[in-house]
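Respectively, the protein sequence lines represent chains H and L. Residue 112 in the working numbering sits at position 112 of the first sequence, and the numbers go up by one each step. Residue 1253 in the working numbering sits at position 253 of the second sequence, and the numbers go up by one each step.
The hints are simulated quantities; they were obtained by calculation from the structure and are not laboratory data. Any given hint could turn out to be false.
[Stated by the list, open to error] The calculated EDC-like cross-link candidates involving lysine to aspartate or glutamate, where the alpha carbons are at most 16 Å apart (straight line), are:
#	chain 1	residue 1	chain 2	residue 2
1	L	K1059	H	E209
2	L	K1282	L	D1255
3	L	K1059	H	E247
4	H	K30	L	D1426
5	L	K1204	L	D1302
6	L	K1156	L	D1104
7	L	K1327	H	D82
8	H	K30	L	D1325
9	H	K3	H	E247
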Amino acid sequence: MNKVYVLGGAQTDFERNWTKEGKGVIALIKEIVSDGLSAVNLPFEDITKLNRENRIGCFVGNFLSECYVNQSHLGALLTEVDPAFYGVPSARYEAACASGSVALDAAISKIQNGDFDVAIVVGWELQKTVDSKIGADFLGQAAYYEKEAKNIDFPFPKLFARLADEILEKYNLDEKRFMDSLAMISNKNYANAKRNPLAQTRKWFMDFEQASHRNTPTNTSVGGKLAVSDCSQVTDGAAIVVLVSDEYKKRLDIDCPVVLGYGHRVAPMLFDKKAHEAKQSQHMLPWTRQAVLDAYRRSGLSVDDIDFFETHDCFTSSEYAAVSAFGLTEPGDEYKAIEEGITSFSGNKPINASGGLIGCGHPVGASGVRMFLDLYKQISGKSGRCQLNKADIGMMLNIGGSATTNYTFILGNNDKI
Amino acid sequence: MNINTVTVVGANGTMGTNVSAIFASFGNAKVYMVSRDIEQSKKAVNKAIKSVRADSITKNLIPVDYSILEKCVREADLVFESVAENIEIKQAITKQIALNLRNDAIACSGTSGLSITALAKLFPENLRGNYMGVHFYNPSYYMTLCEVIPTPYTNKTLFDEMKSYLANTLFRTVVESKDSPAFIGNRIGFHFINKALQLAEKYKESGGIDYIDAILGAFTGRAMPPLVTSDFVGLDVHKAIVDNIRENTNDYANDIFSFPVFCQELIDKGSLGRKSGGGLYKTQVLDNGTKRYMVYDIHSADYRDTIKYSFPFVEQMVYALSQGDYKSALKALLENHSTEAEICVEFMLEYIIYSLFISLEVGNGIDSADGVMATGFNWCPPLAMLEAFSNVVPVESLIKERLSASLLEKVGADRLLSCIKSSAYDYRSYFKAKK
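Between the sequences and the hints, there should be enough to build the whole structure, so can you do that?
In structure tokens form, the structure reads like this:
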């Protein structure tokens, strides 16, 4: 199996509202592809050359373009960016909010198999084309719509509030202590986003007090125990990474991060079934945990080897559950790591130095690719003010639905492994 | 620098309220919000909370009136004066602040145009070093710009600490400005806006106000057309800014700051803009609930319905921008030689040149105006706009071809163009695919 390297990539500024700018998907994909290719110094002519030998492919992650922008067939749509894409194998991959990861997985497999030397992975979503209520209904399709989202306002905040309820009950936690640790997650991710020039919330204000006082005029409840401060954002944006084979990397004579392992596990679609099944496990999200273990096994690494994490904090409760899924604490003890600051920017095991989905933003189909790009940036020392002191090996967890599709990747610095 | 307590004097004004919220939120400072009437101060507290969308700052906001101004100033690590832009009022309040300021505290004025150095002289000599200008923009939560203005007396260490506090604690975009009328942002912004107003008068028979706005819309790198912006600001504030610049500066562009007569007439009638229910524009809500968008027609001296202008170059630009094709958009503009397209090009190029000129004259480097226009006005900053043009044509020859030789000579265009550098801002987000 061939090794897969990450040459680099790009991300759009998640603060932008493309609808307000009067721009749509073509403007978005032109911009992200052009920024990504120039970041890795891959001109369109090189794509044409690689394509003559069928050595390049494109992988597009997107969840709901049919709803938000009335457009399908997104792999083919890349031909509108430049004629260099004529003839290049290209398709769209979908697994709700884990769409970016399933595109990455497909790209990695093609290089591992030796089919391609170069894989371009683009994730994107334009969500500001509709108001928040309609958008929330669209996103309900990541659940079992008929049973969990139909005729329900803002179904996903409610599902992740149920996750919070289940965690509380399963581990018999002190409610205030648990809710405060969720507020700490929110506050941390907003604070981290302040260092990120591409983060959606980089100008916004948040502090622990605001995050821990829920059901106030400026921090309204979104269902169950969660409030606005516990939620990720509605975001327009795209991210791109370019993956290459060992042979291609040798030709370039450069060093770049390598893909060390992955995990992909799918839990029962319905939250009720997840909750029922979890009663047999120490973990609240056993399949999320399994996706993490699979990546550790494939890479031959353990949690002790991972310097930093990017996780899918679509809600504070999902980052909370990720703490033990990564193995940072025993299940039920997550709040200890959070209270001790282990997962903070200056902690031993930082989570979401980028700001995550809460701070950086969550254009759903792009998030997996954005996390992967942030692992790349940290490992190659290109994270600017977000740069962590020790960032040789990083892990990401990207989930779709109510932790239904679970994807993990581990990237590392090729020099130090 | 530890800023634990801030006293904002004139906290019931728009800027005073917004700035109080910034200190109380990002700065986590206790803020005394001082205004003449305690009820006004209480209302301002609620507005401040809403402006940063955070009830958590409530505990930090203390509404007070002038009866305890002395105590509030003595207790403050920082006193921020934000009273009305009237020299007599500012002087009277500044003197009161000077009487009670601790010698380890900072005092600053949020004035948008008065001389900071002149106000500094109201302080006793031992406190003059503690005084400086700190000019926020509105709405401060979204517009992060803070122009900081030292006087010849300002203590350099204190000034640097204040800049660092604004940038690192309050997350402001800090740009240093000389103590010059209207500083950097309003000088450049109102150069553009007032020139648009003058041209509206010149082209009154072509439509005037909405005609000029149709030429300089969002597709030219801004959130809204310039005369809509003036209508938002209010003609009274607009006039105060341009009069100040016209009277107290003396560069080549002085005439551009001359306030048109028809606007004075509107002010006299109380038609200031959106805040007075109509000014350059007016929106009527009809009986059936629909809105009627009207504009002041300079030619007939009365309001009429706005016209939906359709200029071929604008249609082409908006389409190209909607496709993310910035090159084609600017090419369509440059290759069109209609009166409207030529006005548009001239405005954009003179904006670049004048901004660079002011960056060196009033700012402290060629890129000063970039931070200011991006984060104070949400306009495409000049160096970024220059980059956008340079992707289409050699920009130096474009400027020489499209702007008059006498203007270029007066502004010293060769010198300006010799020191341009790449922008820290991406022009693409500023060019909207909208009219």
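*Contradicted hints - numbers only*: 2 and 3
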